Amino acid sequence: MKDPELSTADPVIEIKNVSASYNGFPVLEEINLTVHDTDFIGLIGPNGGGKTTLFKVILGLLKPKRGSVRIMGRTVEDGRCSVGYVPQVVEMDREFPIRVWEVVQMGLLGCRKPFRRIDQTERELVRYALAQVDMLELEQRAIGELSVGQRQRVYIARALATSPSILLLDEPTASVDPQIAASIYDMLARLNETVTIIMVSHDMNAVSAYVKTIGCLNKTLHYHGSKEITEEMAQAMYECPVDLIAHGLPHRVLSPHTHTHTHTHNGDHEHD
Amino acid sequence: METTNMIEALQYGFMRNALAAGILVSIATGIIGTYIVTNRIVFLSGGIAHAAYGGIGLGYLLGINPIVGAIGFALASAMGMGLVHRRTKQRSDTIIGIMWAIGMALGIIFLDLSPGYKADLMSYLFGSILAVPTGDLLIMLVLNIIIVTLVILFYRPLQAISFDETFATVVSVPVDRLYLMLIGMVAMTVVMTMRIVGLIMVIALLTIPPAIAGLFVRDMKRMMVASVLLSIAFTIIGLALSYTLNLTSGATIILVAGLGYFMSLMVKSTVKK
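Protein chains in written order, with the numbering used here: chain X, 1240 to 1511; chain S, 11 to 283.
Only chain X is shown next, with the shape it has when bound in the complex:
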């Protein structure tokens, strides 16, 4: 899976001075982010802060206005072969005729030779990925018959089937039961021994318990490679810590100083 020529010290994703906009509205400004091997970054930020857009830029779905993105030292188009993507669950055509295993099998399509039949190893990989999210029994079901949470797990399995070196997860547990969410986070933590993970989440408990570092994104990115929301971040990101406090954030995420600081300054906004 890993490129042998790539030393572990090299960044797996390198984002330099990236600005992006949607229909002329700037969504990302001057983003710089260096992601290292086996990082586990939790991305938080207000709605419309550009988290999903940042993923789209990394995946080459949206061309940035300025700046550059490199994945595993390669261009986005080549490098995204090593990225597994779990999109936010959106409404879909529930009548669409496709089975669960066929959806997961889509993960095998990329970066392999066309016209080749799926071999035994790949079949195993699909089953393994489904087992990881506890969806193996439902592999013959049509995707439209599943609940939203089950569908989300299928999308996670599909990303796993790409044998990724990097996983990008956009709200991976937004519609999943708490117990299943916990098992997914446990699985991510296990995978993180070899796989680099960037996860967008509103689930602050999960972010604080499982990720190694936290970044705040609200048009600009505040990321210091640490797990603490610094005073600077709190001030610049304003809405981030308000969001945190409103959700009863475990204390260890905020550094004590910042904690009191935000409280005193933003106390009157906590019902936002």
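It is worth saying that the hints were derived from the structure and are not from the lab. Here the structure is a predicted model, which is why all the values come from computation and not from measurement. There's no promise every hint is true.
Covered by chain S, according to a simulated footprint, are these stretches of chain X (three or more residues, beta-carbon under 8 Å) [said to hold, decoys possible]:
1. 1312 to 1320
2. 1330 to 1336
3. 1341 to 1350
Ranges of calculated distance between the beta carbons of each label pair, as one might list FRET restraints [what the hints assert, rightly or not]:
4. S/T280 to X/P1265: 52 to 58 Å
5. X/R1380 to S/V281: 17 to 23 Å
6. X/T1433 to S/T104: 48 to 54 Å
7. X/A1428 to S/M273: 50 to 56 Å
Every beta carbon over 12 Å from chain S, so not counted as near; a handful from chain X, in silico [stated by the list, open to error]:
8. I1419
9. N1431
10. T1459
11. K1466
Glycine residues also receive a C-beta, built at the ideal position from the N, C-alpha and C atoms.
For this one, chain X is given, so just place chain S on it according to the hints.
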């Protein structure tokens, strides 16, 4: 009675050609119709069918086989509409509607400009399964072979772009090229189907069988097979009815298919309860 009539009728060459055409067209419409319905490009397909009329007019004007003109026009307009559908996020249906009408208008003007009596012009509008020459059967066979081969080769990537285009892009599936290939196959199918039910009713034969199949199966391959079989059934029943009752064949086939659709809806709703 009816069956003996049909068997007698089969002694005629035109009837054998009609049956062969019905089966060949059903293979293409069943497979491609499944993609049209699941990709929600019914309107785009209708646009291609009508724009192809420009090619028929051009065929008359240049004195070549109108079907060849129709294939050319259908493919060109398909690429145009496909690109519009891909590139413009909003209101691509408006632009497709405009191209639909322009193609039709071009056909009428080309026909005005071409000299002589255009005897079988109506057959392109309303179909004429009883007047399919053996040469056209050969064209249908070739188009079918192309379509079936492409669908077998690209089954999984085509399913991927139909289901989740974004993810397909991320795993570096050539989404744009595959999409244009699909639209090209739609164009070929439309031209073939035009011979049977006419360009005005093409869309019904493309969508009704997959729509029925989609009520009962949740698997794309099965949906294709079921659509092909349904399409063959509708065509043969329609053909037999039109022969015995002396009705227009294309319209009879469509009415049989339509009746089949509403009966399926009723069956589906009773099964659900």
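Hints, one by one, checked against the model:
1. 1312 to 1320: As far as the segment 1312 to 1320 of chain X goes, the hint holds, because 3 residues have Cβ atoms under 8 Å from chain S.
2. 1330 to 1336: As far as the segment 1330 to 1336 of chain X goes, the hint holds, because 4 residues have Cβ atoms under 8 Å from chain S.
3. 1341 to 1350: holds (count 8)
4. S/T280 to X/P1265: 52 to 58 Å: Once the Cβ atoms are compared, 56 Å apart, the range 52 to 58 Å for X/P1265 and S/T280 holds.
5. X/R1380 to S/V281: 17 to 23 Å: holds (19 Å)
6. X/T1433 to S/T104: 48 to 54 Å: holds (50 Å)
7. X/A1428 to S/M273: 50 to 56 Å: Since the Cβ atoms of X/A1428 and S/M273 sit about 55 Å apart, the hinted range of 50 to 56 Å holds.
8. I1419: Non-interface label stands for X/I1419: nearest chain S Cβ at 22 Å, farther than 12 Å.
9. N1431: holds (21 Å)
10. T1459: Since the minimum Cβ distance to chain S is about 25 Å, X/T1459 lies beyond 12 Å and the statement holds.
11. K1466: Nearest chain S Cβ is 29 Å from X/K1466, so the label holds.
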